[in-house]
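Colleague: Spelled out, the chains give:
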Amino acid sequence: MTAATANPAGTGPSGRLWHRASLLIPAAGAGLTLFALWELAVRALDIQEFLLPKPSSIAEALVDNWTEVEGLATVSLREAGWNTTVIAFTGLLIGVMLGALLALLATRYVRVGQTITPFAVAANATPIIALAPIFNAWFGITSAVSNQAVVVVVVFFPVFVNTARGLLEVEPDQLELMRSYGASDMSVLRQVRIPNAIPFFLTSLRLAAPLSVIAAIVAEYFGGPQDRLGPVITQNASFARYDVAWAAIVVASAVGLVLFGLAVALERVAMPWRRPAEVL
Amino acid sequence: MGSVSGDGTAIVIDAVDKTFNVGSASAIEALQGIDLAIEPGEFVSLIGPSGCGKSTLLRLVADLVTPTAGAIEVFGKPAKQARLDRDYGMAFQSAGLFSWRKVARNIELPLELMGWSKGEREARSDEMLEMVRLAGFGNHYPWQLSGGMQQRVAIARALSFRPKLLLMDEPFGALDEMTREHMQDELLELVAELGTTVLFVTHSISEATFLSDRVVVLSPRPGRIHEIIDVPLGSERDDDTREDETFFKCATEVREALRHVGDEG
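One line per chain: the protein sequences are E and C, in this order. End of the first sequence sits at 1192 in this note's numbering; the numbers just go up one at a time, nothing left out. End of the second sequence sits at 1321 in this note's numbering; the numbers just go up one at a time, nothing left out.
In case anyone wonders, no lab produced these hints; they're calculated from the structure. Each statement offered as a hint is correct.
Taking CB as the label site, the calculated pair distances span:
| hint | chain 1 | residue 1 | chain 2 | residue 2 | range |
| --- | --- | --- | --- | --- | --- |
| 1 | C | 1242 | E | 1034 | 55 to 61 angstroms |
| 2 | C | 1305 | E | 1188 | 50 to 56 angstroms |
| 3 | E | 1098 | C | 1251 | 30 to 36 angstroms |
Ideal Cβ positions, reconstructed from N, Cα and C, are used throughout, including at glycine.
Could you put together the complete structure from these sequences and hints?
Modeller: Have a look at this one:
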């Protein structure tokens, strides 16, 4: 792999892009090596496919089931992946807005803060997944709303806590400065607290985005519509079609990566003042 | 701005006491019996051992802290009214710039709060950038500037709305010696040009002596005015002033006063 270093970091936008892409080479190389070792190990040690399918079998199952509905399945992987993405994404959106909004209220009004915070902490200490069967009872076992509700509750807490910290941890000098101008509470909120909270909020988004996919799939294990990644994984696993189950897991992790990527992209747009060193 | 006439006294501090946490076991008597009058256009420094309440005294004038006893008038009005009328600008040791605002928009912050139009704000921030020798840096973010440059922005922000009074709390405390002296020269030019009255907190003897018309030496807690030293160096001060005989004489007086209050404490 010595050719990788042949092109030095050039000037101009295309050179920069190439330089960026070249930063991914070590990770890509490591990934490929891992898959190759996996493939070799399964073949050499003659591991049963139901214990650990070869990457090539998983890839094959992914291609075969991407748009086709095979055997016992009720949906293609593409459709199941899309349906789960919709649940994860809408749940994420609602949970994030709720978290940010309540953080704003809780830090602005002491009473509200004292009321909400214990509930938020209790919600966080609860293994949310334990709520999934209860939500099924509330919103109906075949309803997607129960899955969505799990995502909302899981996502809410990191956003609430981080945003609240950002709103409160303001430099004292900046507050004194605003006071010296006779600025109103509303001005302090708009000019100091909210901008100060933006990096905190965006960091919580990076945490929440992949969490939303995990929450959606685990919730789907317990009920809701069957044309989702969760049921596809459990059903195929119970019929010993492990290659398809693994293929569904690959789709799930791809969805998680995409949502994470969106969070990172938002960071670049929403924080033009960040230092280059903070970019990651 | 207000209709306060240029004559009269800029700041009158009348028999001011300040105790924090009054009535509790952790009560701290920060200042005691402070009387001080500052004339318009004067440059006065507060100096004293750490914890003597010099920053508290500055904050009392700024109405960021209220006195336990006594009264403070700024341009003939109660300190609170002066604050609400935006009669003073303020600068701290940490530049306190807003990292999310570009340099020009940091300078424009007070103007924005005062409801100036965009055009007026931009014209003024350009002018201020010129004055603090940062023309061309308006579109940078604060992190792209050195400590000295950031402090210049903070001063430009404090003076952007042309307040008649500038309150500064160790603004050059975090800078290296050379930058510091350079900033002192610039500050004197700036306030001379604008005719600004300055109340300046520092713990540097040479800084206080070089900048001030009068140096107020405070005793350790509870802070009282121990001595006020006149610095008759005139209004034209430059690098040669730092080697002037009068400068050394005054710096020595300040040093001896400080040593004296140190022994007392």
